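Chemist: Here is what each chain is made of, one letter per residue.
Number of protein chains: 4
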Amino acid sequence: MIIVARKNITADQIDYIRERVEAAGLRTHISIGETRTIIGCIGDEARLAGVPLLSIPGVYSVHPVMRPYKLAARDFSADPTTVVRVGDHGFGGTKCLVAAGPCSVEGSGMMSKTGRAVAASGASLLRGGAFKPRTSPYSFDGLKEQGLKILARIRSETGLPIVTEVMDPRDAELVASYADMLQIGARNMQNFALLREVGQLQRPVLLKRGMSATLKDLLLAAEYVMSRGNMQVVLCERGIRTFGAETRNTFDLAAVPWLKKETHLPVIADPSHAGGRRDLVAPLSYAALAAGADGLIVEVHPDPETALSDGDQSLTFTGFDDLMRGLAVFAEAAGRSL
Amino acid sequence: MIIVARKNITADQIDYIRERVEAAGLRTHISIGETRTIIGCIGDEARLAGVPLLSIPGVYSVHPVMRPYKLAARDFSADPTTVVRVGDHGFGGTKCLVAAGPCSVEGSGMMSKTGRAVAASGASLLRGGAFKPRTSPYSFDGLKEQGLKILARIRSETGLPIVTEVMDPRDAELVASYADMLQIGARNMQNFALLREVGQLQRPVLLKRGMSATLKDLLLAAEYVMSRGNMQVVLCERGIRTFGAETRNTFDLAAVPWLKKETHLPVIADPSHAGGRRDLVAPLSYAALAAGADGLIVEVHPDPETALSDGDQSLTFTGFDDLMRGLAVFAEAAGRSL
Amino acid sequence: MIIVARKNITADQIDYIRERVEAAGLRTHISIGETRTIIGCIGDEARLAGVPLLSIPGVYSVHPVMRPYKLAARDFSADPTTVVRVGDHGFGGTKCLVAAGPCSVEGSGMMSKTGRAVAASGASLLRGGAFKPRTSPYSFDGLKEQGLKILARIRSETGLPIVTEVMDPRDAELVASYADMLQIGARNMQNFALLREVGQLQRPVLLKRGMSATLKDLLLAAEYVMSRGNMQVVLCERGIRTFGAETRNTFDLAAVPWLKKETHLPVIADPSHAGGRRDLVAPLSYAALAAGADGLIVEVHPDPETALSDGDQSLTFTGFDDLMRGLAVFAEAAGRSL
Amino acid sequence: MIIVARKNITADQIDYIRERVEAAGLRTHISIGETRTIIGCIGDEARLAGVPLLSIPGVYSVHPVMRPYKLAARDFSADPTTVVRVGDHGFGGTKCLVAAGPCSVEGSGMMSKTGRAVAASGASLLRGGAFKPRTSPYSFDGLKEQGLKILARIRSETGLPIVTEVMDPRDAELVASYADMLQIGARNMQNFALLREVGQLQRPVLLKRGMSATLKDLLLAAEYVMSRGNMQVVLCERGIRTFGAETRNTFDLAAVPWLKKETHLPVIADPSHAGGRRDLVAPLSYAALAAGADGLIVEVHPDPETALSDGDQSLTFTGFDDLMRGLAVFAEAAGRSL
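Protein chains in written order, with my numbering: chain A, 1 to 338; chain B, 1 to 338; chain C, 1 to 338; chain D, 1 to 338.
So here's chain A without its partners, still in its complex pose (with noise of 0.2 Å):
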């Protein structure tokens, strides 16, 4: 942490200062400038987060310098990137994975069809909703667990491993008991209640990004799932709320660039979410793998006309297959495979 002073700031100012910093159990490097006086503060600079700098007489601002995650910090790790293993597949190796299924599980019998159909067409993953978050109380919210029974059975059928979502601490156990991979929701990425839970668990987390999360919040949202002892975290970029109106969200393709010099956690993209268009999830889906990404999220539907909800963004199964053939060839341009 660095404190610059006030212009006019005081001896004893500075004293304080530095007997708050010392407080916190760091040390202080004090430098008088022309126009401007120092401190430098040396130690753990986690100590000083409760600390209320600004509002010392004489403080003029504040730097950060070092992150405020550990676990979650590239260097924490000794490889570039933590393989996440799910079943057969680990995210973050030389292939790319995908999860590919509905927004919400609605029947059996539509769930065996997108189940064949996105194994067949080389999925890694089947996703598909049992509680779904909704932004109206009088929208369709899952089937919960006969939801969770259904993509169990179909895990059987295809041999998929199954990505489903949880809202509610309450449910955390439930629905760990049946899925392979836990989603923790944009909406929940920073419902700490959840996040602790699902840190308490042996199941790997697919943690999406909220839509104005900054990516340092990401990181310590995936800090708390690290911190209780669950590692086994994928980060996913799914589009942030702008000013933007054309698309759903924005997608902030950046973020897997630089989420992946900054974290040793792989990082997905959900192409749907993000342009909320079926017409435009092929081309974000290139532009994810092209840019590094280790995987993606994509919404596939038998009949995304009758889709109970997300209809707009989910594929069909041809289109679905087409986007497979498509990624394959982006996913070799980038070093990978499918």
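It is worth saying that the hints were derived from the structure and are not from the lab. A quick note: this is a predicted structure, and the numbers were derived from the prediction, not measured. Treat the hints with caution; some may be incorrect.
Identical copies go unnamed one by one, so any copy, or any two together, can satisfy a pair.
[Stated by the list, open to error] Calculated pairs, DSSO-like style, for lysine-lysine (alpha carbon to alpha carbon, straight line, at most 30 Å): (1) K144 to K216; (2) K70 to K7; (3) K216 to K149; (4) K144 to K70.
Given the structure of chain A, go ahead and fit chains B, C and D onto it with the hints provided.
Modeler: What follows is chains B, C and D alone, placed relative to chain A:
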């Protein structure tokens, strides 16, 4: 709902759209224009929420024309503002209510001092967090039930009703057993499990706007609570996340009069989080009352420099007393009292 | 400027950084910490503006500590607010000034009516656009010089000084020959050729904040004008572009008190563009004065329904008269007059 | 245009709305629903642009259904993409074009070196700013005409056509007399005087998206140029301003495929400004081609550490050569060449 057709739509496609709309229980009215055909959907628009109209061939654009919330809408209530009673006071009456207190309940002594001070200056409620949402897992996250007990004791001492945050649906009953009003924080505005839970309790709810929530999203979050039977919801504008770098958040002041026209629920503002700086609290507070807010929630601490959280934006007792004097003048200018 | 080194920086790299900083005319102060080495740069930080410090091997982060503007900074002036005189009035004095009039000068008759009406209600200046920036090339873009002539005639009739927009550096002298105050619109806030041009004229400038301009950007735009010799700049908050969908722009009210602390230039608000809706003008105006604004610029039209532009947000004469009565009360509450 | 009436609209109000719409030259079609009356407006919607429909009593909401641009719209052209020729090359053909060079023309020697290097690596155009928009009036703002002369000389040396920025309408002819392609920078995207000026010149235009411009705004800016007769416009996504703090701007990748569907104009990307960091240039460039971009504009400098501007995001010659090798692979994956 109005559906605008693509230029080259066929008669069969129009028929199919009509079928889908009518299957959802609405009637249609087709209007064939020079350049566009328009399909008006007559009836309860909410029934079309799950239908992916944009996916249907021939559809160019879809325009909702009804509000997606009912209980929260202005015309649900005979009165322009529903008064939400907490203790002896009511949010939404002629008196503007001020809730004041520290960000976190740090201990018994500081709460006692703060309670007495804010009561003396004219606060109507005491605020203080026992469960704290923190971006980092390494930050102080509150005294939990011990904090609730302290709050209850200070209520006895001062007579001030208590507003405090609930973060986890599992804690909702516990918090409600101590608190007079339940706060839902910005990060949990779309934590639907939590909204449903507090919707089942008979305790007034202070619902803060999420950092990237539109005002419609905020009203839909209120609708979650209300649709479970708890109609006592107070909305709170606390700043949104934008490119603006100079203040902690961007205080969306226009939210106050917009909401006052759109809903019958009382609307208050949180100038402490909006500005993030002690010296901005007074001007933002004055502005909120001038724009029609029904009250404020303000951070006050006996010694902001030593606060465990939000010290930079907390007022001292003197600062709060000065604020209340200033507010009295602006409340009067707005035809209210303090 | 403070330069924070990467953990593994070498002595040679430190030397090289020092050389580069000293070559720009500053001195350095090296502080070697436990986890980080910090290089403080002492002297005129502006000289480092062009040096790509982040590109130099060994550099982790760079923290400017000085304001990038000088003439616009609060401590450049002995007075807290510089009074910018226009006609008999001064922006920044105890009286809050209101500029009122239509979006566009549409003709002589409507301007004459409007001028008389707003003067009678107590406006201090008449606004009206002769050159109009329009998002579409097919929209009405103003009467040009004919509009300026009309404005000048209404000034004679009413005694109100005129504020009107200049969009093209080639028109600056022409506009200045008719107008008492030159408006720079939001879209031109970083039209540097235009800023330099009005900086060479001795006419007060009303500088509107750009839709995505930070407050530092706004002050740097003012600095462009001032650095050419024209110190008579009034800043205007008119709403920024965010995800917010319910109002035309997001009125960043906190900009008013933030600027009042950061600069000596007067600060006004434009509630018409901020809210985009007639019924929001009064609450936003009251809030602006409550937060310390030195005045307002408000759209008024004899018959908003027939206005050629911005009709939805224009007040009628009666509406403006009501506004002025309300404002008088809030101005007084703020210790000012109207 | 579709006009939705308030619930309680009267027959007289409907008649009045009809009159106003018909006065603008459109016909109306009234559809009386259960809860709402809808007035469809048939004919050229642009004629209603200036009519403040929301101001008319009885109007609840207004829904445009036609695109506000014509010349820029996809269906204006028989070909999916119009090829914009610059020198021997064409933006929008099978070959993806790369413009490369320094942010600013700093002198003859560095331009000569850069021109030769980027030509050798396969660039199609040379970029370099002679007139530079700078946020601060104290920053280096270019060599002006001397810079243009240097650019022209390097064109002779290397055969590369030149793209360079024009900021002031008074300089447009001068810049066009030296340059092969005129760049309009992000800050000037809505400098309508400048857009009109380059619309009258027969030089291809590279139009960069403004920092807070929607894609519709960008197409309307192109429409300004085209409506003056210059149809040779290439659009450029260069990042928008959002809350995102980790990169210089937020690269809105989805803009590329969205624009490719919406307009016949070629679309390129600027990965240097989007990411603001040298190590993000390659992944963002690969992603842009994968998403269908017709080319790139990239900053390259002989010695980025000593660059007078944008050094942090400029590639070295080696870095650019590596980029071009990588791009060739992704161009091929996208069915294009480099």
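Chemist: Now, for every hint given, state plainly whether the structure supports it.
Modeler: A quick look at each hint next to the structure:
| no. | hint | in the structure |
| --- | --- | --- |
| 1 | K144 to K216 | between (32 Å within a copy, 27 Å between copies) |
| 2 | K70 to K7 | between (35 Å within a copy, 15 Å between copies) |
| 3 | K216 to K149 | neither (36 Å within a copy, 35 Å between copies) |
| 4 | K144 to K70 | between (35 Å within a copy, 26 Å between copies) |
Hint check: a violation occurs at hint 3 only; the rest are consistent with the structure.
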